[in-house]
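Just so you know, the protein sequences line up as chains A and B, in that order. Under this note's numbering, the residues of the first sequence are numbered 1 to 118, in order. Under this note's numbering, the residues of the second sequence are numbered 1 to 331, in order.
Hints in this document: simulated from the structure, not taken from any laboratory. Quick reminder that beta carbons are idealized off the backbone N, C-alpha and C, glycines included. Fair warning: there could be bad hints in the mix.
Residues from chain A shown here face chain B by an in silico Cβ test under 10 Å; the list is partial [what the hints assert, rightly or not]:
no.	residue
1	T42
2	I82
3	R103
4	Q105
5	G117
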Amino acid sequence: MITHPRTEELVESVRLWIDEIRPTLDPRNAFLARVAANALATVAREITEGPAAEAAAVAGMAGVLGHGGDYAALNTELCARIRSGDLTVETPGLLAALTTMARDQIAIDQPSYRPEGT
Amino acid sequence: MEVDVRAGLEKLAERLGGQGSRLTEAGRLSGGASMETWAFAIEAPGGPERLILRRRSAPFDEETARSVSLATEAALIQATASNGARVPTVRHVCDAADGLGEAYVMVRADGETLGKKIVSDPRFDAVRPQLARQCGESLVAIHKTAPPPGLKLKAVDGLAELDRYEEVYRATGAERPILELAFQYLRKHVPAPVEPTLLHGDFRNGNIMFDPGKGVVAVLDWELAHIGDPAEDMGWICTNSWRFGRPDKPVGGFGDYADLLAGYADAGGRPIELSRVRFWQMLGSLRWGVMCLTMYLSWRDGITKSVERPMIGRRVSETEADLVVLLEEGL
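Make the full structure from the sequences, and use the hints.
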């Protein structure tokens, strides 16, 4: 992809502009503008951190399931095997893989959130 | 139908304060999609009054809704107040003559409701260590209230709640392995049945008014009141999504489990085991995760267009980050 500007830079420029005009808005729109700016910050993080997070999730799920595959297929199979009771909290490696996936996802969605146990 | 609330309040002033009373102040405080809160004041021959109007601004069907009607809400607040609960004082329940739709009026109380302030504002430093115990005490008077006869209150237990939210989750079509594991785990750990009681149903930091000197002033927002396991109200205030950045303080971001449980038992509540609270706490995270999914869906399906909704969908991962830790620790 081209680099001048990169996609995440385009997103960041819009986010900064929203922050700039926020003080001029009425309270309801100022609130929604803050949400919109946060949404763009999430998009920027997903662009930069998403590929590594997805690769780690694929590796973790493949380890638990015992075979490779793409993210969507592995995720569907993992859900089905947990739902059937085949995989439980006792299954070696399952909670470790899920913990990595959860940490990577919260780092993209809401990096300021402090999860249980932190 | 659009209701002119200000005109309604002007008319209401005379009904509340008697002839010659007038409205001196009125402003909308907040509003969700379906509920409005107005602060207003009247000048009456008997003296001034500062009041709050709570009214529904969207159609409501008590049969299918999870929440109760505002008349039921007011009746429960009055019943728990007579039983010594710290709740608002209901001043008037509106009827057709008021022209305000479904609504009631409370006496305006002073205090703080913003969860973030309760957990971090230095004004609350002195009282903060007492708040978990006070929350336990506050729940006893609520749980020991016999609901007035004739009210339509839903009854819920752990298994019914799991069934309900799993059905909602399946209907979303989302595939989230951590939510799957939480459903599976909680189904294996449903606590033994217990004598059901009246529950507030939304007892969390953010729905309780606190005073920097005295602590708990009033338990607000009764729309999710129902009948069920008393540990449910304790588990919800311990759910990490309502600790406002203080996961190290399990009760609302301001206190510890032991103080909540001791406050409850010492005030005469039937003692509750921590594992039971933790069951409802974990179910609280799971429930909030499923609710976040449905809020995203309301945007995807065109029911609401606010940018807020898809962003709430991205809060599912906060519940997942909490659930993996709870699953690791156990109840």
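Quick rundown of the hints versus the structure:
About 6 Å separates the beta-carbon of T42(A) from the nearest beta-carbon of chain B, less than 10 Å, and the hint is met. The interface hint given for I82(A) is met, as the beta carbon of that residue sits about 4 Å from the closest beta carbon of chain B, less than 10 Å. At a threshold of 10 Å, the smallest CB-CB gap from R103(A) to chain B is about 7 Å, leaving the interface hint in force. Interface restraint check for Q105(A): the shortest CB-CB distance to chain B comes to about 4 Å, inside 10 Å, so the restraint holds.
For G117(A), the interface hint holds, since its Cβ comes within 10 Å of a Cβ in chain B; the closest pair sits about 4 Å apart.
In summary, this structure violates none of the numbered hints.
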